[in-house]
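Chemist: Chains as they are written, first to last, in my numbering: chain A, -16 to 333; chain B, -16 to 333; chain C, -16 to 333.
Bear in mind the hints are in silico, worked out from the structure with no lab data behind them. Fair warning: this is a prediction, and the values are worked out from it, not measured in the lab. Every residue gets a Cβ at the ideal spot worked out from N, C-alpha and C, and that includes glycine. The reader is advised that the hints may include incorrect statements.
With beta-carbon atoms standing in for the labels, derived distance ranges [said to hold, decoys possible]:
(1) Q167/C / P0/B: 53 to 59 Å
(2) T161/C / T284/A: 41 to 47 Å
(3) P1/B / E44/A: 51 to 57 Å
(4) D318/B / R299/C: 23 to 29 Å
(5) T327/A / D273/B: 58 to 64 Å
(6) L186/C / D96/B: 49 to 55 Å
Below 25 Å or equal to it, Euclidean Cα-Cα: the simulated DSS-like pairs (lysine-lysine) are [to be verified]:
(7) K291/C / K43/B
(8) K159/A / K291/C
(9) K196/B / K159/B
(10) K43/A / K75/A
(11) K56/A / K196/B
(12) K291/A / K43/C
Some chain B residues judged to face chain A by a derived CB distance under 7 Å, without partners named [to be verified]:
(13) C47
(14) H141
(15) N148
(16) V277
(17) M285
(18) A288
(19) Q289
(20) I292
(21) L295
(22) T296
(23) M301
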Amino acid sequence: MFIRNCWYVAAWDIEVPPDVFLNRILLNEPVLLYRDTQGRAVALENRCCHRAAPLHLGRKEGDCVRCMYHGLKFDPSGVCVEIPGQERIPDKVRVRNYPVVERDRLVWVWMGDPLLADPAQIVDYHWHDHPDWRMKPGYIHYQAGYEWVVDNLLDFTHLAWVHPNTLGTDSASGLKPTIERDTQGLGTLTISRWYVNDDMPALHKKVASFEGKVDRWQIYQWSPPALLRMDAGSAPTGTGAPEGHRAPNSVQFRHTSIQTPETETTCHYWFCQARNFDLDNEALTESIYDSVVVAFEEDRTMIEAQQKIVSLTPGRPMIPIWADSGLSQARWLIDRALQDEQTTNQAPTP
Amino acid sequence: MFIRNCWYVAAWDIEVPPDVFLNRILLNEPVLLYRDTQGRAVALENRCCHRAAPLHLGRKEGDCVRCMYHGLKFDPSGVCVEIPGQERIPDKVRVRNYPVVERDRLVWVWMGDPLLADPAQIVDYHWHDHPDWRMKPGYIHYQAGYEWVVDNLLDFTHLAWVHPNTLGTDSASGLKPTIERDTQGLGTLTISRWYVNDDMPALHKKVASFEGKVDRWQIYQWSPPALLRMDAGSAPTGTGAPEGHRAPNSVQFRHTSIQTPETETTCHYWFCQARNFDLDNEALTESIYDSVVVAFEEDRTMIEAQQKIVSLTPGRPMIPIWADSGLSQARWLIDRALQDEQTTNQAPTP
Amino acid sequence: MFIRNCWYVAAWDIEVPPDVFLNRILLNEPVLLYRDTQGRAVALENRCCHRAAPLHLGRKEGDCVRCMYHGLKFDPSGVCVEIPGQERIPDKVRVRNYPVVERDRLVWVWMGDPLLADPAQIVDYHWHDHPDWRMKPGYIHYQAGYEWVVDNLLDFTHLAWVHPNTLGTDSASGLKPTIERDTQGLGTLTISRWYVNDDMPALHKKVASFEGKVDRWQIYQWSPPALLRMDAGSAPTGTGAPEGHRAPNSVQFRHTSIQTPETETTCHYWFCQARNFDLDNEALTESIYDSVVVAFEEDRTMIEAQQKIVSLTPGRPMIPIWADSGLSQARWLIDRALQDEQTTNQAPTP
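Taking the hints into account, I'd like the entire structure generated from these sequences.
Modeler: Structural data, given as structure tokens:
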């Protein structure tokens, strides 16, 4: 069971190049992604309403897609505009259209009731294409349900154990994070750690244009279904970082980790690590990307093995520990959203 | 659920050579095919009644097959004729025997109530071994349920889309076929197109021994469960082709397409394309065979992808169009046969 | 459904070397096997009670295993002794511990109610490490349920058919075995054949230190769930072998065949063939091992094919023959044990 009335990422922009069909399963549904003649992303059910042929084996004709089994042609709204050899096209001859918004280099789709699709609800990831930032987009396919990846991302304890030589080195600091929960909409968790008037971390020293004590921070923001944004950096102490002012010379990173369920036990995973300095240093861009991939492969080994155990022992309880507050609240928000959809029956039966 | 009381093809004759066991799953049942000492095909359940060992790992002894697990020996009727070390053989020690008829180079088996098996019901495919005809037999295994292949074969619309460079070129003609339904027995559909006093198609011109206007035809005959015969050709106009007379110099093809379910989502497919001219031209035989295979692979790509979508979206409706009259009637005949078997309960529980 | 309240073999001793985790599924449960600092084998559920991470991806620390996802540390009894960052450890933070006994080079585990685990019930296999005997341990993974392997081992009829060139040659003798059933505990079957004042078999002649007539025997002892011991040999006739005395110069073999279910349709299989002569002849040890493997591969081909047929035709009856008395009684003992556990509800729900 998946939350339906929310925006899901379906692809990076570059995963949907002009004139290519992207065939992707989202929430157990076959989805076709392509671009119209003006470059706008389109998402249709990848299943011709006539005989269930996959549209990704079809042909793009202008803004439309033609099924190459019997030639039915659908416009970007999913309406059938041509049935070869048949004059009248009944209204019901249409494939499902998913609302699409392309923003921050991400193609967002709405898998629920289209009437509820409000682009204003889409979470901000402006560092993906803002000129002050630089990143390289990444994608992983996971042989594990998205909720196990969510668990992992909202849990700092694992850093020392899964990533002793990568992310873990920096996280050994004992400062417990503050967790705030905003229950508006699907809800948001904000998990913050601030170190005021502290030493600059070695990693930041290498790239900073200033010296001396810093105020530094790690702020995670997470929203259902599986949208993580991380804001981390160092600013000269006393320049107002904790109050929300970011000095122009502060060293800043933004991290993106987003999952969309493929099936109950597999998911899509999009990520990147943006920075606000040395933007044109392509080697640095690659190096940051590579180090993220190394750490993510450490997670993947554990999480995919965990999924196997979970599948082998369904119904066995899990016992919480102190470190679960982040992931427990995330699971609580996911469950709340699922129950809300059950209750109000807003989720259309696909 | 499959129709049981009908003749199914189990193999081409050459798939059951002397002294070799053919192990094939038909309608979800394991079937053993072999030949007795007189070369007659035998079909038994490929499962020793003692401990379910597969008989295809056994040994042929004269007309019999001996299970090589514990040595039980069964005659071609399935009756156990020897239990090593045991004198009395109870009547119930037998494996299921399927009625078999070998005709037109095909091995036909009856998977239903043996008392109802009437060889007279077997559809005629005499061009497989008649001296006036020549063909090369073909077999494909399909990762799709047989009914999706049936759909494909009874639908001319797809020719232009799936086979634009192979079969499609010839079929662009707008003449709508006539569909006749004979409901006798399991029923027969006859789908015909006649072009009287027309130009000879390029393909026929190459091989015809005459010139001038022709009467030409494409006649499909289909019967449940999945038996297609196609009769196509050109005769000199005015020689009575539409009335049923085939002038000796007419250019004629017969096409065979037969499916038998293996499981709910896989099937066996036998095919050939026979001709009545230039019989000894082996290169032509190969060339015709190869061109059929090319076109069939185009179908297979679409149909196997369609099966995946169908499996992913069970219960989703399909919306008919005008071009479905052939396949709709075929599905109707299949459903009628299934319901008849449910009602009269003629189908033995295997 | 599996018998739970009994000792199962989990591994040969050498399959659990120091400092290595063995990850094995037993009775559909993930089990971790390792050794503590004193070399004692430990069996824990291979699933951290916190978030179901597999412990075999963890780290051995002294006698304990640390989960490398979030750092929980468990002692050999399964009790959590450390939760990094958390002072209090609730009692329920523990993973399941399986009673373990290492004996006769086998690691035995108890998958049922630990209170019922009595090491005295473990069947004797002393020839695995007794100085009078020599063997090489073997392991096979089977794509078939353990009960089909049991069938095979308790059935002499198949020797002539499955192993005509290996085991079968020696077994052609028509002497029917005596079957005795002891119903104490889970029960024991004893299947014996004695040939008194007989010729020595060729195989024994090659290695015997004496000549002349012999008393020879083949005695199988089998106990649920799947424990077979075979005692075979030749002694000079008149030295009291049938009465239980084994002359020191008698030629003796002991064979071990033990299965433990992995899943309903797969199992683990441990075997060896020990002898009491020419102990230091390593080439002979290898040669005996190799010949057993050849014969066992003959069985595996048949049994794995049988499992496929059984899975394809569930619910189809099997018809007994005279030769089934051994396997029928074994199945009866297994069914009795399963029913006993259902009735008394002694089996803990895992």
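Chemist: A separate judgement is required for each hint: does it hold in the structure or not?
Modeler: Hints, one by one, checked against the model:
1. Look at Q167/C against P0/B: about 56 Å separates their beta carbons, and that is inside 53 to 59 Å.
2. In this structure the hint that T161/C and T284/A lie 41 to 47 Å apart at CB is violated, the actual value being about 56 Å.
3. Checked against the given bound of 51 to 57 Å, the beta carbons of P1/B and E44/A, roughly 56 Å apart, stay inside it.
4. One distance hint, 23 to 29 Å for the beta-carbon pair D318/B and R299/C, holds here, with the actual separation near 28 Å.
5. Separated by about 60 Å at the C-beta atoms, T327/A and D273/B satisfy the suggested range of 58 to 64 Å.
6. Separation of L186/C from D96/B is about 54 Å and conforms to the stated range, judged on CB atoms against 49 to 55 Å.
7. Restraint check: the Cα-Cα separation between K291/C and K43/B comes to about 22 Å, which is no more than 25 Å; the hinted pair holds.
8. Using a Cα cut-off of 25 Å, the hinted pair K159/A and K291/C is violated, with the two alpha carbons roughly 55 Å apart.
9. For the suggested pair K196/B and K159/B, the alpha carbons sit about 21 Å apart, so the restraint of at most 25 Å is met.
10. In summary, the hint linking K43/A to K75/A is supported, as the alpha carbons are separated by about 22 Å, within the 25 Å threshold.
11. At roughly 38 Å between alpha-carbon atoms, K56/A and K196/B are farther apart than 25 Å, so this suggested pair is violated.
12. With a C-alpha separation of about 22 Å, the suggested pair K291/A and K43/C falls inside the 25 Å cut-off, and the hint holds.
13. With a cut of 7 Å, the hint placing C47/B at the interface with chain A is violated, because the nearest CB-to-CB distance is about 46 Å.
14. Interface restraint check for H141/B: the shortest CB-CB distance to chain A comes to about 5 Å, inside 7 Å, so the restraint holds.
15. Of the supplied interface hints, the one on N148/B is violated, with its beta-carbon coming no nearer than about 13 Å to a beta-carbon of chain A, more than 7 Å.
16. Annotation: V277/B was flagged as interfacial toward chain A, and the flag is violated, the nearest CB pair being 16 Å apart, outside 7 Å.
17. Given hint, M285/B at the interface with chain A, holds; its Cβ is 6 Å from that chain's nearest Cβ, closer than 7 Å.
18. A cut of 7 Å between beta carbons decides the hint on A288/B: the least distance to chain A is about 5 Å, and the hint holds.
19. For the restraint placing Q289/B at the interface with chain A, the shortest Cβ-Cβ distance is roughly 5 Å, inside the 7 Å limit, so the hint holds.
20. Residue-level restraint check for I292/B holds (minimum Cβ-Cβ distance to chain A is 5 Å; threshold 7 Å).
21. A cut of 7 Å between beta carbons decides the hint on L295/B: the least distance to chain A is about 6 Å, and the hint holds.
22. With a cut of 7 Å, the hint placing T296/B at the interface with chain A holds, because the nearest CB-to-CB distance is about 6 Å.
23. With a cut of 7 Å, the hint placing M301/B at the interface with chain A holds, because the nearest CB-to-CB distance is about 6 Å.
Hint compliance for this structure: hints 2, 8, 11, 13, 15 and 16 are not met, and every other hint is.
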